[in-house]
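Visitor: Let chain A serve as the given structure and place chains B and C on it in line with the hints.
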Amino acid sequence: MTDRSTSQPGWLHKVTDSDIWWSFKSSSLTVIAAIGTILIVVLAFLSPVLAPHTPFDPATLSLSDGLKPPVLLSPDGDWAFPLGTDDQGRDILSSIMYGTRLSLIVGFASVVVAMAIGIALGLLSGYFGGAVDALIMRIADVQLTFPAILVALLIDGIVRSVISVQRHDEIAVFVIVGAIGLSFWVQYARTVRGSVMVEKNKEYVQAARVIGLSPLLIMVRHVLPNVTGPVLVIATINLGLAIITEATLSFLGVGLPSTEPSLGTLIRLGNDVLQSGDWWITVFPAATLAALVLAVNLLGDWLRDALNPKLR
Amino acid sequence: MPDGGADFVRIEGLKRHFDVSAPWLVRKLEGRPRQVVQAVDGIDIEIAKGETFSLVGESGCGKSTVARLVVGLYPPTAGRIEIDGNDMAGRRSRTDMAALRRRMQMIFQDPFASLNPRWRVFDIIAEPIRAFGLSTGKADLEARVAALLRQVKLNPADGRKYPHEFSGGQRQRISIARALASEPEFLVCDEPTSALDVSVQAQILNLMVDLQRRLQLTYLFISHNLAVVYHISTRVGVMYLGRLVEVAPTDTLFRRPKHPYTRMLLDTIPDLEMTGRQRSPVGGEVPSPINPPSGCTFHPRCPFANDRCKTERPKALPIEGGTVACHAIEEGRLPIEDRTYALNT
Amino acid sequence: MAAASNNQPLLEVRNLRVEFPTRRGTLLAVDDVSFDIAPGEVLGVVGESGAGKSLTGNAIIGLLEPPGRVAGGEIRLEGRRIDNLPYEQMRKIRGARIGAIFQDPLTSLNPLYSVGRQLVETIQTHKPLSAAQARTRAIDLLKEVGIPGAEMRIDHYPHQFSGGMRQRVVIALALCADPRLIVADEPTTALDVSIQAQIIALLKRLCREHGTAVMLVTHDMGVIAETADRVAVMYAGRVAEIGPVRDVVKHARHPYTKGLMGSIPSLGVRTDRLTQIDGAMPRLTEIPSGCAFNPRCTFKGQRCLVERPNLMPAGDTRAACWLHDRGGVGAPILKETVDA
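Residue numbers (my numbering), protein chains in the order written: chain A, 1 to 312; chain B, 1001 to 1345; chain C, 2001 to 2340.
Pulled out of the complex, with its shape left as it was, chain A reads as follows (with noise of 0.2 Å):
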């Protein structure tokens, strides 16, 4: 009983009235997730812009303003850094409003490195069969051993071994996302592969290939948009994992540097001054997370379930 024969133009109206939205709508934790993620992003990307301070730089700062305690929680709080200031005077909100753009962007980056290499290989696999597909998935099978963070530390202290600690600092952005990446391309093949294999024997690819497309065309053009839905999910809920994985690593003191700090860094720096009572340094960092990862996971939930025609 899916009635779409209003053929009304504007892409605002076919938004609104889709069962997407529909069922968008009428879930109110999703909507909230929603509010909140979007509202942390935008938070986040507009730091430069918004943020009362720039922390990380060492001009701005004054070891006169440390360790001031938040305000509403202390008389010796001080407005100009609401969630008081680390050790060095650093501005504990605008820390958290540029670590948090930094793991955002680890986050989607090693997403789409992960997503590149699981649909590729993925898709090769699935349409290809045989040998080629036996080669991929043992691969994946022997990746799926080894816990992401180990492979993440093994590609880190490889890296670290073969470069200076000035130059790894320059690079260690694009050290993470590579090695979030690797570790879990392993869910999109799979996932890919399972789709291509029930849709390659669909009718449709068959005329295709009646037509004597070659099979990357095939794959490209037909397959890859019929199997989209299942990898925006496992993308979505995946968001969550990476920036847990890069805070992880990051307060493991593998990840980003104390110069360019994620969220988990922050995280790592409160963690050492945890002890003297300065817990607003690590909580506020940690909470921010939390909160971040928990509106994404609950987005990702949702968006399965939608996308789901069993469960509709």
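If you're looking for bench data, these hints aren't it; they were derived computationally from the structure.
Hints are supplied without guarantee of correctness; some may be wrong.
[Claimed, not checked] Selected chain B positions facing chain A (Cβ under 7 Å, derived; list incomplete): (1) Val1071; (2) Phe1108; (3) Ala1131.
[Unchecked claim] 20 Å max Cα-Cα, derived EDC-like pairs, lysine to aspartate or glutamate: (4) Lys2250(C) x Asp2316(C); (5) Lys202(A) x Asp1110(B); (6) Lys1161(B) x Asp19(A); (7) Lys2127(C) x Asp2140(C); (8) Lys2204(C) x Asp1267(B); (9) Lys2143(C) x Glu2121(C); (10) Lys1153(B) x Asp2278(C).
[Said to hold, decoys possible] Negatives, chain C to chain B, calculated, CB over 12 Å: (11) Glu2019; (12) Thr2026; (13) Pro2039; (14) Gly2040; (15) Glu2065; (16) Val2070; (17) Arg2081; (18) Gln2089; (19) Asp2140; (20) Lys2143; (21) Arg2303.
No residue lacks a Cβ here, since even glycine has one placed at the ideal position from N, Cα and C.
Guide: Leaving out everything else, chains B and C in the frame of chain A:
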């Protein structure tokens, strides 16, 4: 009728085997042998230009595999397929192959699976035109697609819509429009109406007959529905377990069926004329094509089988403008009976 | 035309309505459907996909898939109303008084249990028999539905049977408690033609021997013509025509039935073109006012556009068509006009 000299489509000794064995490692560990399904086991067909040749048989008889072999979706295990004198398997340049592919198209069974759900109808129909480089420009392409849509009695404005906005019958029209886009001479139709309701089936069958007349098309029509086959075919081939058991002009096949399997199939046609004719259900079911019976594969179900039928594979014997592969007919053990169905005549 | 209704009908369906609430409003999938089935009678319910025939069958056995629901009307089995019973009571009736056969035999059988166990369980649920007695009866049933080597086959699992044999097991399962009525929804559609004939012959024989009534839901007019005593033709959620099968097949009175019969290729006269009804059945969201068939009808008048016809006597059948108003007096004979 195959009297006009050269046949347009000529299929000789066509075989296709599928390996359905367990994976290599499992086979070695459990000591299992390779298993091969003989989906198509040596068939010869000739189709004259402008005629409709139908293949009928129950599921698993290999009729759909023949369709896919003919359009080149599978390579044959053995045998040759010639289209207008061109060997499909012959080594040829890409352009020559494309020129051959352009002349033949396929219509599929399931109108819900044969159209890419993410594409607009315009692009679906335009794809063969683009792939074969048949159009001279954007305006020409649009005019061609509009003409194709009109030809299958759809509105050119429908090109902007997606497949899910259409009913099953309309989708099958879109499939036909797409198949006609490369101006083919030969259409392979794999159960084109069996997923449709009867009133829609009538629309599609009428459309196919009209198009055949107007465009001088040659059809290879695959179906399990004998009444539909009777309606649309010039000649009919009956398949059982990968082999052709009987080929005959349509009227001869239905009025004077020879092979016992053909007779059995005809007995299963529902009696809509209310003559009180009883279906005489034949016992048994189609055996697995992995281990087909020896000799004539129909012998376990055949009431006329003797020892020769169990051991010797019958050859196609020319008879009354067709062929039949049956020892009982060859030996004259089984008389040919006349059947009449028409009440209204 | 056996089983004339000289006494009370076995099943009475009165003004049945089945609705599907959706976010775009409520769809009326079965609209004001009424018919009877006499004891021992085979009623064919035929129609194209979306006509509401399966939903009617599901409503009778109380297995409408949510959100579908019976929104009006009555269903009576042997005089007792069953459409408003609680689930548990309906479940008992479904096994004991009404049997069900579905299109795909695999969905009716549990793949994890042997067919014997499923049969024995069903028999014991409805009859006070010991396990050994129930097993004997199960073997008898399998023999009755024509399964060779029933004593051995009873311990096999569903996947060890072929499609046709599985459908025989399902029929045996439906017969376990000697039901008065069997609702068979497309019982032969998934089977090969040669197996179809076997199953139809089996159903006919069993009904004759047990006096069981059958509601045979199918899209295949051929199956109906061979099996049913009476037939109801459904279109867009309503009964378009109902009557003895021979009259409906050979002298249809509703333009839709007439067109439907003409569109089936037959072995009679080999024609160049089949009769065709242009257009398609309307979607449930777009059912036109007046007679639902009017956009495709070549005989429509002003009245058909605004007023919905109910079933009225038309020749030997009853048809929902204004051509047969005034009690069928002067009803035009459609054959000439359609062919013209």
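Visitor: Now, for every hint given, state plainly whether the structure supports it.
Guide: The hints, checked one at a time:
A cut of 7 Å between beta carbons decides the hint on Val1071(B): the least distance to chain A is about 5 Å, and the hint holds. The beta carbon of Phe1108(B) comes within 4 Å of a beta carbon in chain A, closer than 7 Å, and the hint placing it at the interface holds. Given hint, Ala1131(B) at the interface with chain A, holds; its Cβ is 5 Å from that chain's nearest Cβ, closer than 7 Å. With a C-alpha separation of about 11 Å, the suggested pair Lys2250(C) and Asp2316(C) falls inside the 20 Å cut-off, and the hint holds.
Distance restraint check for Lys202(A) and Asp1110(B): the Cα-Cα separation of roughly 9 Å lies within the 20 Å cut-off, and the hinted pair is therefore satisfied. A threshold of 20 Å between alpha carbons decides the hint, and for Lys1161(B) with Asp19(A) the separation of about 18 Å falls inside it, so the pair holds. The suggested pairing of Lys2127(C) with Asp2140(C) holds, with an alpha-carbon distance near 15 Å, which does not exceed 20 Å. Proximity of Lys2204(C) to Asp1267(B) is assessed by CA-CA distance (about 17 Å); at most 20 Å being required, the pair is judged to hold.
With a CA separation close to 18 Å, the supplied pair Lys2143(C) and Glu2121(C) stays within the 20 Å bound. Taken as a hint, the Lys1153(B) and Asp2278(C) pair is honoured in the structure, with Cα atoms around 11 Å apart against an allowance of 20 Å. Residue placement check: Glu2019(C) keeps its beta carbon more than 12 Å from all beta carbons of chain B (closest about 23 Å). Here Thr2026(C) stays apart from chain B, with its beta-carbon at least about 22 Å from theirs, past the 12 Å limit.
For Pro2039(C), the requirement that its beta carbon stay farther than 12 Å from each beta carbon of chain B is met, with the minimum near 24 Å. No beta-carbon of chain B is positioned within 12 Å of the beta-carbon of Gly2040(C); the least distance is around 20 Å. Every CB of chain B lies more than 12 Å from the CB of Glu2065(C), the least distance being 20 Å, so the non-interface label holds. A cut-off of 12 Å between C-beta atoms confirms that Val2070(C) is not in contact with chain B; the least separation is 26 Å.
Its beta-carbon lying about 34 Å from the closest one in chain B, Arg2081(C) satisfies the requirement of being farther than 12 Å from that chain. Interface exclusion of Gln2089(C) from chain B stands, the closest Cβ pair being 37 Å apart, more than 12 Å. With a least CB separation of 20 Å from chain B, Asp2140(C) remains clear of the 12 Å interface cut-off, as annotated. No Cβ of chain B approaches the Cβ of Lys2143(C) within 12 Å, the least distance being about 15 Å, so the stated non-interface status holds.
The non-interface label for Arg2303(C) is consistent with chain B: the shortest C-beta to C-beta separation is roughly 24 Å, beyond 12 Å.
Taken one by one, the earlier hints all hold for this structure without exception.
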